[in-house]
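A.B. asks: Listed here are the chains, written in short residue letters.
Number of protein chains: 2
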Amino acid sequence: MRTVTYGGAVSLDGFLAGVDGAIDWLHFSKDVQDVMTKFWRDVDTILMGRKTYDFAVSSGREASTGKKWGKDKPRNESALRTYVFSRTLQSIDEPGVELVKADAVEFVQGLKRRPGKGICLMCGGELAQSLLAAGLVDRIGLNIHPILLGSGIPTFRDPGHRVKLMMEECRPLEGGCVLVNYAVVHAEESHSG
Amino acid sequence: MRTVTYGGAVSLDGFLAGVDGAIDWLHFSKDVQDVMTKFWRDVDTILMGRKTYDFAVSSGREASTGKKWGKDKPRNESALRTYVFSRTLQSIDEPGVELVKADAVEFVQGLKRRPGKGICLMCGGELAQSLLAAGLVDRIGLNIHPILLGSGIPTFRDPGHRVKLMMEECRPLEGGCVLVNYAVVHAEESHSG
Numbered sequence: 022m023r024t025v026t027y028g029g030a031v032s033l034d035g036f037l038a039g040v041d042g043a044i045d046w047l048h049f050s051k052d053v054q055d056v057m058t059k060f061w062r063d064v065d066t067i068l069m070g071r072k073t074y075d076f077a078v079s080s081g082r083e084a085s086t087g088k089k090w091g092k093d094k095p096r097n098e099s100a101l102r103t104y105v106f107s108r109t110l111q112s113i114d115e116p117g118v119e120l121v122k123a124d125a126v127e128f129v130q131g132l133k134r135r136p137g138k139g140i141c142l143m144c145g146g147e148l149a150q151s152l153l154a155a156g157l158v159d160r161i162g163l164n165i166h167p168i169l170l171g172s173g174i175p176t177f178r179d180p181g182h183r184v185k186l187m188m189e190e191c192r193p194l195e196g197g198c199v200l201v202n203y204a205v206v207h208a209e210e211s212h213s214g
Numbered sequence: 022m023r024t025v026t027y028g029g030a031v032s033l034d035g036f037l038a039g040v041d042g043a044i045d046w047l048h049f050s051k052d053v054q055d056v057m058t059k060f061w062r063d064v065d066t067i068l069m070g071r072k073t074y075d076f077a078v079s080s081g082r083e084a085s086t087g088k089k090w091g092k093d094k095p096r097n098e099s100a101l102r103t104y105v106f107s108r109t110l111q112s113i114d115e116p117g118v119e120l121v122k123a124d125a126v127e128f129v130q131g132l133k134r135r136p137g138k139g140i141c142l143m144c145g146g147e148l149a150q151s152l153l154a155a156g157l158v159d160r161i162g163l164n165i166h167p168i169l170l171g172s173g174i175p176t177f178r179d180p181g182h183r184v185k186l187m188m189e190e191c192r193p194l195e196g197g198c199v200l201v202n203y204a205v206v207h208a209e210e211s212h213s214g
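Which chain is which? The protein sequence lines are A and B, in order.
According to this note's numbering, the first sequence is numbered sequentially starting from 22.
According to this note's numbering, the second sequence is numbered sequentially starting from 22.
Heads up, some of the hints might be wrong.
Just so you have them, the derived chain B footprint on chain A, three or more residues with Cβ under 8 Å [what the hints assert, rightly or not]:
(1) 27-35
(2) 62-68
(3) 160-168
(4) 172-178
(5) 181-188
Partial list, computed: chain A residues near chain B (C-beta under 8 Å) [as the list claims (entries may be wrong)]:
(6) 191
(7) 193
(8) 203
What the hints contain is simulated information worked out from the structure, not anything from laboratory work.
The C-beta atom is built at its ideal place from N, Cα and C for all residues, glycine as well.
Turn these sequences into a full structure, and let the hints steer you where they fit.
C.D. replies: This is how it looks when you write it as structure tokens:
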């Protein structure tokens with residue numbers, strides 16, 4: 022089964038971006054580049070909410086990718102497939118990008134059963150919330166920045182139940198950042214464990 | 022000048038406690054005990070909001086201290102002075118505990134100028150919010166637990182402006198927890214730096 026990874030750069034108080042999507046507080050470094058190069062090797066699919074897609078379009082695709090996953094874009098970008106979830110958009114005319122009007126949970130369930138590499142969930146907290154609630158997120162990776170933003174786009178919204186995690190990695194990155202990687206403990210594992 | 026430290030055990034989604042103050046998700050360990058023993062050595066004053074004090078009283082003082090700072094209470098507890106900030110409480114009849122009806126910011130400004138050891142801010146996010154906003158918090162220490170609670174008592178509320186931090190420590194603790202310690206970069210340092 023393919024794994025879905027959620028995360029990105031966050032403030033210590035849990036925001037993916039400040040008010041109006043502000044990302045001027047992000048610290049890029051060789052460390053981040055190395056982490057992201059490694060991450061992209063195992064990914065062939067990106068999931069986005071409509072707001073994230075709008076942000077990507079308005080700031081240029083490259084800027085968007087740079088925001089969340091470091092400046093080091095995947096080399097095999099042409100092989101990347103992006104799905105944008107929206108009930109309001111009519112169409113998307115961009116190669117490699119597909120509009121999904123169907124239910125995100127059902128769609129991602131199907132996607133995970135199909136063969137392929139890792140799936141990257143690149144969004145504000147709303148799409149992540151429904152996929153976390155449905156037990157479809159398998160990994161969470163955060164680059165915690167040394168700042169309190171106070172307000173902005175929250176990384177996590179209430180999935181309606183607790184989600185247990187298993188910490189797999191924790192180490193400092195350049196610029197006072199902290200990399201943490203977790204595996205999500207799915208309910209069935211939790212029960213059998 | 023005495024330093025004010027804020028923090029405690031938190032979920033990855035930033036809650037100090039779950040709904041109704043739930044703390045059943047806390048993981049105590051030898052690691053936590055060691056961290057807290059070291060921490061309490063340099064502290065002689067605790068600041069609490071009224072809600073935290075209520076929680077402390079309702080669950081027993083020891084339980085409250087256990088919640089936030091590990092089971093290893095300070096040995097010199099008799100020398101500890103606790104200030105509870107409340108405009109609604111009429112009086113507190115407990116040795117070593119003083120009710121403060123004055124403005125928290127002014128009171129803490131005065132407290133920091135007086136001689137003494139470190140000051141521990143033990144509260145939900147509300148008192149911390151006003152003291153962070155006023156630039157009176159000097160250190161933040163979190164023990165990030167491997168869980169998403171979804172809802173509860175948030176660690177950070179909007180202080181109205183960004184707060185820059187300097188990461189000083191980051192390391193795994195037993196049970197998949199992550200210890201992170203930060204110094205707050207106060208505005209004047211930020212400008213002169």
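A.B. asks: For every hint, state whether the structure bears it out.
C.D. replies: So, going through the hints one by one against the coordinates:
no.: 1; hint: 27-35; result: holds (count 3)
no.: 2; hint: 62-68; result: violated (count 0)
no.: 3; hint: 160-168; result: holds (count 5)
no.: 4; hint: 172-178; result: holds (count 3)
no.: 5; hint: 181-188; result: holds (count 8)
no.: 6; hint: 191; result: 5 Å, holds
no.: 7; hint: 193; result: 5 Å, holds
no.: 8; hint: 203; result: 6 Å, holds
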